[in-house]
Structures are given as C-alpha cells and as structure tokens.
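Student: Protein sequence lines, in the order shown, are assigned to chains V and C.
The opening residue of the first sequence carries number 1 in our numbering; numbering runs sequentially from there.
The opening residue of the second sequence carries number 1001 in our numbering; numbering runs sequentially from there.
By construction, these hints were calculated from the structure, which means they are not laboratory data.
Note that the structure is predicted; figures quoted are calculated from it, not measured.
Treat the hints with care, since some could be wrong.
Label pairs and their computed distance ranges (CB to CB) [to be verified]:
{"#": "1", "chain 1": "C", "residue 1": "L1226", "chain 2": "V", "residue 2": "A16", "range": "38 to 46 angstroms"}
{"#": "2", "chain 1": "C", "residue 1": "N1095", "chain 2": "V", "residue 2": "A36", "range": "52 to 60 angstroms"}
{"#": "3", "chain 1": "C", "residue 1": "Y1098", "chain 2": "V", "residue 2": "F37", "range": "54 to 62 angstroms"}
{"#": "4", "chain 1": "V", "residue 1": "I291", "chain 2": "C", "residue 2": "D1063", "range": "49 to 57 angstroms"}
One side of the interface only, derived from the structure: several residues of chain V facing chain C at Cβ under 7 angstroms [what the hints assert, rightly or not]:
{"#": "5", "residue": "S68"}
{"#": "6", "residue": "Q71"}
{"#": "7", "residue": "N102"}
{"#": "8", "residue": "Q106"}
{"#": "9", "residue": "S129"}
{"#": "10", "residue": "S140"}
{"#": "11", "residue": "F143"}
{"#": "12", "residue": "R150"}
{"#": "13", "residue": "K151"}
{"#": "14", "residue": "N152"}
{"#": "15", "residue": "E189"}
{"#": "16", "residue": "M196"}
{"#": "17", "residue": "A199"}
{"#": "18", "residue": "K302"}
{"#": "19", "residue": "D313"}
We put the beta carbon where it would ideally sit given N, CA and C, even for glycine.
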Amino acid sequence: MIQAFIKIRFFQIYRAIKGLGIIRSCLLLGLFVFVAFILFIQSSKYPNSLYVAGIYLLILILIQFKRSDKQFLKVHFNNFKRILLIEYMLLIIPLFICFIYNKQWQPLLLSVILLFVIVNINFRFKSLSLNTLIQRLIPSSCFEWKSGIRKNLLLIVPLFVLGLGTSFYIGSVPIVIFILGIIPFGFYEKGESLQMLLASEMGASGFLFNKILMQLILFSILVVPLIIAFIIFHYEIWYIAVIEYIIFISTHVYIIFTKYSFYQPNVKASGTQAFGIIGAMGVLFPFFIPIVWLLSFLFYFKSKKNLNFYLNDYN
Amino acid sequence: MIIIEKLEVSYDKLHNVIDSLSINLSENAIHGIVGLNGAGKTTLLNSIYGLISINSGLIRFNDKKMNKKEVSFLETENYFYSNITGREYLSLFKNINYDLDKWSQLFLLPLDTIIDDYSTGMKKKLALMGILKQDKPLMILDEPFNGLDIETCRIIRQILLKLKDRNKTIIITSHIIETLTNLCDYIHYLEKGKIKFSKEKIEFSEFEKELFASIENKNRLLINELIV
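Using the sequences and the hints given, assemble the complete structure.
Tutor: Right under this line is the structure:
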C-alpha cells in the first residue's frame, strides 16, 4: 500500500513536470541543482549544517501543517503515520546524503529524531474571522490582500511596530522589509474562481494593470514608513532599503504575471508554483533579478493571452 | 432567443462530447437540461458561457454572439478564495440596488465570517447570492440544488420563478428530475452530446414516467444477476 502511495506521488511529480514543458523543466532542474549545491556546501561545516537542517525541517513542519490530506489518510489507512514518515524521508534524502558525505552526524541524528516528531504533529491553525478596519480599507477587488492580511495580521502588525520602533538598529528595517516582502508571495498562489475574475469587468490588459497597481500601492503603504525611518537613521546607506524595496516590487510583479500566465479557475497551477521559486530566488540571491525582469516581460504577454480567453468580452 | 446550431465540442480528437447539437431556447423561460452522467450537460453549459473552446458551430443570444456581459454562470463546484468573508466576496459584484442584508436574512448566512468556515450548503447559497447580485439577463445554473436543504431549495425555486417573471432567461441542470419538473417551462434531454428530445410543461409527467421506466428496464437484468 505504501508502495502504491509513493508511486502516486511520483506520477504526480511526473505529470506536473510534463505540464511544464521541456524548457521550463530544464530551468527548474538547473535551479534545483543550484540549491542542492548550496545545500552541499553549507552542510559541510558546523554550525552551518545545523542551520541547514533547521531550515529543511521547518519546511517539512510547514508542509505537515498545511497538507489537506491528513484527515483522508487518517480515515482510510491504519498506518497513516508510516506513510507520512516515508514521504518526508524521501524528501529529506538529499540532505541526509550531504550530512553523511560531510560526516555531520549531530545534525543527521537531530533530523531523524525530529522527523518522528513532525509526523505526530496534528494541529491546524484555525482561520480567524478578523474583521478589522484594515480589511475594510482595502478595496474589494484586492481580495488577495484582504485574505492575506486577515491570515497574517497577527504577524504583520507586531513586525511593523517592531521594525519602526527599532529602526535605529541598522539590521532591523531590512529584516522586517524582507519578511513583509515575502508574505505577499502567498497571496497569489491560488487561482480565483471565474466569477471573481470576471467581477472586475475589465479586459486582460486593464485587469493586469489594476492588479499590479494595487499590489504596488498596498505594499508601498506597508513598507514606505519603514524605509523613511531607515533613511532618517542611516542616511549614509539609504540605498539598502530602497534596493530591497525595488527587488521586492519586481518579484511581486513577476509573481502576478506568473499567476495569470498559468491561471485556470479554481486551480493552484503547478506552473505558478514552479516559476514562483525563481521569484523567491530573486529575493534570496539578487543576481537572479535580471532573470526575473526578463521573465516578467515574457510572462506579461503570456498572461495577457491566457486572460484574454476569459476576459475577451470586456476588451 | 438562444440559438445553438451544429455545436461540436471535444476534449480529444477521438470523439465529440457535444456532437452537432442544435437547439433554440426561448427567452423569458426556464429551461431544464437533463441527462445521465457523462451526457455532456456541464460541457454544454461551459460552451454556452464561453468557458471552453468549441470546435465548430454557432451560439447566439438575441441575434448577437454570446457575451459574458449578459450572462451569469453558477458552476457545479463553487470555489472561494480562502480567508475572505461572505460580505467581501459579494462586494466584488457591482449592483447598487442589491440589498445585501435582506438577501442574507433570506438565506441565513453569517456574512462576516470567513467562507472557509461555511458548510457546503452555505457556500452554495453564497455563490447563488453572487449570481443573483450580478442580475444578468441570462442565468446559467449548473446543479444549483446540490447540497441544499429543503427550505433553501424551495426558496430558490420561488426566486427563479420570480426572476422569470422579470424577463430573465434561465438554463438549469439538475440530477433530481422532480426539481426540474416543478420549476421549468421546458426540459431538454441530452444523450451522448445530442438533444434527444425537448418537452413542454404539459408533457412532463409522461416524460418522467417514460424516463424512469426506461432506466429501470435497462438495468433490471443486471441488478437481478448481482443481487440474487
């Protein structure tokens, strides 16, 4: 039965890759090789190997929190924890290989122990019906922001206050902008329903322009006060916060274009997720930003063409 | 009048899901589309709305090419963006004459709660409220009664009959034939991608009997073999 499960997973991956096409799959493979290389280098020395294990396990914890098939597995299979464990084991094998090759036994042992803990996590964050003034101020058409702010309000508000309050420390504002800039990535993961897409009653170009404009306005409202505070206290290196802001708005625009390039009603498109990784890379490694700009240009036309199928009557 | 002529739709090259279908649907009436699973009901509705590309044929509404501006479409499976409230969802659709609170009173929906916490029936009601708010001349409703309790089904029936009186044209599908015979002016039977026949209101009772008898006869032998 476990074999059947793993087989299904491989089929899922195979079909997702097939859906991406050869060129994009090669691009993604290149990216994975690059990440694997970084992983290998970083896991060669202590304490970096411990940090790498920490990040990897954190990702697995998030997967365990977010996966929606836990109930299904629990209802239908007695050994559902074993299924989870084997799935996570398969995901963590590249890390284990790096640790074994680099003789990093302590992080390896820690990872194995924590894997057994992770499969036992059976907790779901309950979504709150937070209806604050902030949600009311966000325009109706920006449902991604309404949803995202509601979901992350308890993280965003303290972060913002902390960033502003400690802006005299040099690293404070850039770190807070980084976290606030990462959060909107999740806003554009899922494709909205057709009714929501058509509700704007705009053509493809107008729709995309409006989406990008609202994203820029709302993100700027969130981070510009922090940037100003940073410039006031560290005017000699003002460009750090400004460059960070430019990197984030570039990647946000890119994420919007990728979302609508692969948009299908009600679907979390694999293409959006795969190319979203490149956007995330642009944030982590700024030398990726020219690629993000180039792909944004290409995806603008692709998203326009894709949206035209649904919005052609409003052109 | 909705005119569909020689409509052909396929998902692969091997066979057509909608096969040279022609039908005229009169205005200001409720048209029911029935058919067994896989007959092509949803594909037909999707093609009328323009959600899938058609291979060939013609679909016209009031002598013009079908335009999404004039049509609202309730899909079978309703999907909502997570972490938004019912009120926020409905605020996407523009209609200043829509009294949101009165409608929510009718459907008993907690509009300030996030949709993720709604039951299946509540989600269906919300999607329907969105369709009603759009107030378009043509409404396409794919299985609108799925997952709803008796009271809501009855309320929707009343609403649809009222909308017909206000000159709306409604196309509706349902697996429960009784819901259609109680509501529609015409019922069109779809089989293997073609309209096999259309019936008017006075012929519904006969049609119902014939349909049930034919289904039962078709499967009687096999059921008798399976359950001895």
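Student: All hints are to be evaluated individually against the structure, with a verdict given for each.
Tutor: Here is how each hint holds up against the structure:
1. One distance hint, 38 to 46 angstroms for the beta-carbon pair C/L1226 and V/A16, holds here, with the actual separation near 39 angstroms.
2. Take C/N1095 and V/A36: their Cβ atoms lie about 53 angstroms apart, and the range 52 to 60 angstroms holds.
3. For the pair C/Y1098 and V/F37, the beta carbons lie near 57 angstroms from each other, so the given range of 54 to 62 angstroms is met.
4. At about 50 angstroms, the CB distance of V/I291 to C/D1063 agrees with the hint of 49 to 57 angstroms.
5. Hint status for V/S68 relative to chain C: violated, with the closest Cβ pair at about 11 angstroms, above 7 angstroms.
6. Restraint check, V/Q71 versus chain C: the minimum CB separation of about 15 angstroms is more than 7 angstroms; hint violated.
7. Interface hint at V/N102: violated, since its Cβ lies 41 angstroms from the closest Cβ of chain C, which is beyond the 7 angstroms cut-off.
8. Annotation: V/Q106 was flagged as interfacial toward chain C, and the flag is violated, the nearest CB pair being 39 angstroms apart, outside 7 angstroms.
9. Proximity of V/S129 to chain C holds as hinted, the smallest CB-CB distance being about 5 angstroms (cut-off 7 angstroms).
10. Checking V/S140 against chain C: minimum C-beta separation of about 4 angstroms stays under 7 angstroms; hint holds.
11. Satisfaction of the interface hint for V/F143 is found here, the shortest Cβ-Cβ separation to chain C being roughly 5 angstroms, below the 7 angstroms cut-off.
12. Checking V/R150 against chain C by beta carbon gives a least distance of about 5 angstroms; that is within 7 angstroms, so the hint holds.
13. Proximity of V/K151 to chain C holds as hinted, the smallest CB-CB distance being about 5 angstroms (cut-off 7 angstroms).
14. Restraint check, V/N152 versus chain C: the minimum CB separation of about 9 angstroms is more than 7 angstroms; hint violated.
15. For V/E189, the interface hint is violated, the least distance from its beta-carbon to any beta-carbon of chain C being 10 angstroms, above 7 angstroms.
16. Nearest Cβ of chain C to the Cβ of V/M196: about 6 angstroms, under the 7 angstroms cut. The hint holds.
17. This hint holds: V/A199 has a C-beta 4 angstroms from the nearest C-beta of chain C, less than the 7 angstroms allowed.
18. The restraint placing V/K302 at the interface with chain C is violated, with a minimum CB-CB distance near 18 angstroms, outside the 7 angstroms limit.
19. The interface hint given for V/D313 is met, as the beta carbon of that residue sits about 4 angstroms from the closest beta carbon of chain C, less than 7 angstroms.
The structure does not agree with the numbered hints 5, 6, 7, 8, 14, 15 and 18 stated previously, though it agrees with the rest.
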